[in-house]
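All chains should be modelled from the sequences, with the hints used to inform the complete structure.
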Amino acid sequence: MHSYRAAFSPTAAIALFALCAPAGAANFTADDLVRLERISEPAASPDGRYVTYTVRETDIEADRGRTDLWLMDIDAPKTAPRPLTTHRENDSSAAWSHDGGHVYFLSTRSGSSQVWRIAANGGEAQVVTQLPVDVNNFALSADGSHLAVSLDVYPDCADLVCTVNRLRDQTDQKTRGMLFDRLFVRHWDAWDDGRQSHLFVLPMQNGIALGTPIDVSATLDADVPSKPFGDASEYNFAPDSKSIVFTARIKGKTEAWSTNFDLYEVSVAGGAARNLTADNAAWDTQPLFSADGAWLAWRAMQRPGFEADRFRVVLLNRKTGERRVLTDAWDRSIDAIAFARDGKSLYATTDHLGQHPLWSLDLKTGKPTQLTTLGHVDSFSVGKSEVIYALAHLQSPAELFAVKTTGAIRQLTHLNATTLAGKSLVAPEQFNFVGANNETVYAHIVKPANFDANKKYPLAFFVHGGPQVSYGNAWSFRWNPQTYAGAGYAFIAIDFHGSPGYGQKFTDSISGDWGGKPLVDLQKGLAAALQKYPWLDADRICALGASYGGYMMNWIAGTWPEPFKCIVNHAGIFDNRFMMYSTEELWFDEWEHGGAHFQVPENYERQNPVTHVAKWRVPMLVIAGQKDYRVPYSQSIAAFTALQRRGIPSRLLLYPSENHWVLKPSNSLQWHREVERWLKEHLH
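In the numbering used here, the protein residues as written are 880 to 1563.
Some hints could be false.
Listed below are the simulated PhoX-like cross-link pairs for lysine-lysine, each with C-alpha atoms no more than 20 Å apart in a straight line [as the list claims (entries may be wrong)]:
{"id": "1", "residue 1": "1198", "residue 2": "1263"}
{"id": "2", "residue 1": "1335", "residue 2": "1559"}
{"id": "3", "residue 1": "1243", "residue 2": "1121"}
{"id": "4", "residue 1": "1106", "residue 2": "1506"}
{"id": "5", "residue 1": "1384", "residue 2": "1396"}
{"id": "6", "residue 1": "1559", "residue 2": "1506"}
{"id": "7", "residue 1": "1335", "residue 2": "1396"}
{"id": "8", "residue 1": "1106", "residue 2": "1130"}
The set of hints was computed from the structure by calculation and includes no laboratory data.
This is the structure:
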């Protein structure tokens, strides 16, 4: 094992939150995690007085989550929020009518997903669409005259009835063979059945959709919005309600290795869509109009094929046609944007030094002003004088807050306060050290519950996936350090080279070097932590990781096994070569390895875990979902086969119904139990 000398700045260790557990508090468990309510999708009313939001509760008996809409009067903080919907089915995705009188939302209460509305002052919900297929997402025009909906349809069908009939015929037919002429054949967790997500527009009368929906994306061979995670942020009506701008990537034969998403504008009456960003072969998305229609803003990348390139904000002057990049001088990648009510600034979120704050961007200069500091802003909505946002951190799931441009912040909700009042939630600490290339690397540590500095504690050493994501100061319902702290373990997560929030050069540095600089960061970070925190037991460490983190589990098993008594490998890449031919989004592997495998086979062979199996010796728990088409479960089967053939203590946990993530409450509980059992077997 290599030895390293850790270096810390005088202010490297920062106590992030000072929430104290009450005396006699119970340790936090996976069962507590699964049962927590989850808040999301804040939407401020036109007058800024009210905010709606979605609350998800977990029905353990039914083994699923269930969502309702809530309403809060933010001008009357002593008035308790009230449920706007209470149906046993799911209600979500609230959007206000232009006059503030009604809230529109998606609901499955009719047996399919349709748009509904309810008066803001209460009453019975009213159906807005009664389409024969499910509505995936929707948007209202500024004046309420039109409704846009995304529907999955067969692109050669002339109407929705054709799609319904074809689906019925496919269900009834005896043959089950699937034919494909191009990629994708499957994406994320679903096989391609020939349907595309198309954008339709319907006229509205008295708040209800009428007439035949017009397919405004019919002329394009594309999904609108994109699959699998595209939503209503990928399309927007112009303020005059005469046209709509949307994001689309042309499928053709290259969809699986292209990131060329463009913005298209089309009349609400349909017709040919005009490409607004044909000059950029990289990613353009999230079109957003200023209220007066003077500006169209969007997020854009510059390098085709690179999904982790820096998103910049681009502004188009709708009158002159002039474009400019607002954030070109700011070395942060923009995650979400929204115009201020006065149109003089934009609000945005970014990763930033292990946090995910909200910023205000001056529309003239692009100068960023940080509005929040610690924690992760999940989503936000611009009110009249405040921005309402959902904020989570390592010690708390998301709650709603409001911030003024002056910086004054107030908390609006305390959704899980009662549930968590009797639980011991440990305050995280952020530290940094000198990592690869002699550059500063950041990490978070969470101590065990009921910490005693005179004792030695085992360590759960976590490696995040992505790899170009940050495991920062955010709450997770999968890899949550509080469940490890509650079980008596310390938890460390390092934002190694490749993580965003530290400049694009830092993010770029992992490409072509998966097993290089990140491994050095992990080695130096562990050495630094053991030096700084003498209560960590260097003889009781288990490494855990998923996706790219799972790749790293396979990689360290053959290149750096010495510190670890066990490994937990969820959906890890075992063989770089076969991964490129079996995953779905080929652009990712081709960028990361400098081309396709048949073009640069040596790049896939370099730092390939399969070539080091002969040196494996650490006991490993391998986990996978059979509906994971991102890192197909055959990679996990191969790793388990290698472990068994080598005679190394190992266990395989396979979920037939799960994808890249384990989402069902019962499966999540089992996942946590098995991971904890593995750690207990090897660290105690």
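Enumerate the violated hints, using their earlier numbering and listing them in ascending order. 1, 3, 6 and 7
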